[in-house]
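Asks: Counted from 1, the sequence shown has number 10 at position 10 by the UniProt record's numbering; the numbering is strictly sequential.
It is worth saying that the hints were derived from the structure and are not from the lab. There could be a bad hint or two in this list.
[Stated by the list, open to error] Dumping the calculated SDA-like pairs for lysine to any residue here, alpha-carbon to alpha-carbon at most 25 Å: (1) K26 / Q156; (2) K289 / G258; (3) K91 / P9; (4) K275 / K91; (5) K275 / G142; (6) K275 / D121; (7) K289 / P300.
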Amino acid sequence: MSTGRPDQPWLVADIGGTNVRVAVVKGPQQIPQTLCQLATADYGDLAEMLSDAFTRLDGPPPRQVACALASPVAGDDVRLTNAGWHFSVVKTQAQLGLERLEVMNDWVAQGWAVPALSDNDLRTIQPGTPDLDAPRIALGPGTGLGTTLMTPHNGQWQVFAAEGGHISVAPTNAREAELILELHRRFGHCSAERIASGTGLESVYSALCQMDHCTAQAQDAEAIGQAATAGDAIALEAIDLLTRILGSATGDLMLATGARGGVYIGGGLIPALGKHFDWQAFRTRLQEKGRFDEYLRQIPVWLITHEAPALLGLAHYLEETA
Numbered sequence: 001m002s003t004g005r006p007d008q009p010w011l012v013a014d015i016g017g018t019n020v021r022v023a024v025v026k027g028p029q030q031i032p033q034t035l036c037q038l039a040t041a042d043y044g045d046l047a048e049m050l051s052d053a054f055t056r057l058d059g060p061p062p063r064q065v066a067c068a069l070a071s072p073v074a075g076d077d078v079r080l081t082n083a084g085w086h087f088s089v090v091k092t093q094a095q096l097g098l099e100r101l102e103v104m105n106d107w108v109a110q111g112w113a114v115p116a117l118s119d120n121d122l123r124t125i126q127p128g129t130p131d132l133d134a135p136r137i138a139l140g141p142g143t144g145l146g147t148t149l150m151t152p153h154n155g156q157w158q159v160f161a162a163e164g165g166h167i168s169v170a171p172t173n174a175r176e177a178e179l180i181l182e183l184h185r186r187f188g189h190c191s192a193e194r195i196a197s198g199t200g201l202e203s204v205y206s207a208l209c210q211m212d213h214c215t216a217q218a219q220d221a222e223a224i225g226q227a228a229t230a231g232d233a234i235a236l237e238a239i240d241l242l243t244r245i246l247g248s249a250t251g252d253l254m255l256a257t258g259a260r261g262g263v264y265i266g267g268g269l270i271p272a273l274g275k276h277f278d279w280q281a282f283r284t285r286l287q288e289k290g291r292f293d294e295y296l297r298q299i300p301v302w303l304i305t306h307e308a309p310a311l312l313g314l315a316h317y318l319e320e321t322a
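Please put together the full structure from these sequences, using the hints given.
Replies: Written as structure tokens, this is what we have:
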């Protein structure tokens with residue numbers, strides 16, 4: 001494992017379609033310290049945003065920067081579709097005079113956070129004994145359903161971008177079958193993300209209202225959560241279906257990847273749903289895999305409670321790959 005250390009503070013940024021959270025890492029194995037939160041729409045591209053962030057520092061601009069984007073990242077040409085950003089990593093690095101600029105998917109950054117998480121950053125959802133030599137997965141619902149795969153290799157940590165949120169969904173009862181058919185009719189393919197995400201919750205609620213011939217009273221995920229708190233039956237059912245489908249998808253991904261090292265659940269939606277997210281229902285569906293029920297019961301599952309795992313992961317990545 002690399003023992004590289006920063007010669008001066010690093011800057012790390014978690015960039016979503018709406019907001020950018022920027023932090024400074026002041027030394028080896030130091031927790032990122034929040035510098036500012038910016039509005040993504042206020043900037044035309046990454047260079048413009050970073051230039052503004054640099055002006056908020058007390059000292060000189062950092063030489064090393066790492067950014068996590070809520071977007072696929074492959075190669076030098078990067079697009080942040082929701083914000084209209086389109087930039088070259090190499091050209092941005094040269095424009096800002098940086099020694100190093102790393103850009104990665106936000107769930108890859110969360111995967112890099114896993115080795116740096118403490119026991120206080122995790123809540124046990126399913127107890128088990130992790131196989132330290134086996135793969136692990138991290139996943140979670142936010143606007144979409146993010147996933148990543150992590151593996152230990154020769155004493156080092158490897159993280160791979162994944163698109164597990166787009167696996168197909170299979171029903172376990174007539175109601176789910178009707179819902180999946182309706183979503184398939186709307187979108188052409190019903191992936192796990194079409195149900196188990198913020199946008200998915202909105203689609204599920206809308207579909208249930210259509211199936212039951214009633215008028216939708218809530219238009220977005222936040223309003224659906226509020227309706228559930230007020231006792232709205234359709235909103236409560238939509239969240240229940242999201243919970244169960246997320247459990248099924250998690251179990252499928254565990255089997256497909258052999259993730260006996262453990263599963264880390266993150267994303268912003270579950271905390272927002274609060275008591276309406278039924279962890280027992282999630283676990284039941286995760287484990288319901290016929291002959292492999294017992295296999296899945298032995299794998300630990302944790303909820304990430306760290307407030308900024310992507311920033312922690314970016315800092316850990318810079319340190320480990322220095």
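Asks: Taking the hints in turn, state whether each one holds.
Replies: Against the structure, the hints:
1. For the hint linking K26 to Q156, the alpha-carbon distance of about 23 Å falls within 25 Å, and the restraint holds.
2. Proximity of K289 to G258 is assessed by CA-CA distance (about 14 Å); at most 25 Å being required, the pair is judged to hold.
3. Under the criterion of a C-alpha separation no larger than 25 Å, the hint pairing K91 with P9 is consistent with the structure, at around 22 Å.
4. At most 25 Å may separate the alpha-carbon atoms for a hinted pair to count; K275 and K91 exceed this at roughly 46 Å.
5. For the proposed pair K275 and G142, the alpha carbon gap of about 17 Å is at most 25 Å, so the pair holds.
6. Between K275 and D121, the direct Cα distance comes to roughly 20 Å. Compliance with the 25 Å bound is thereby established for this hinted pair.
7. For the given pair, K289 sits about 16 Å from P300 by alpha-carbon distance, which is consistent with the 25 Å threshold.
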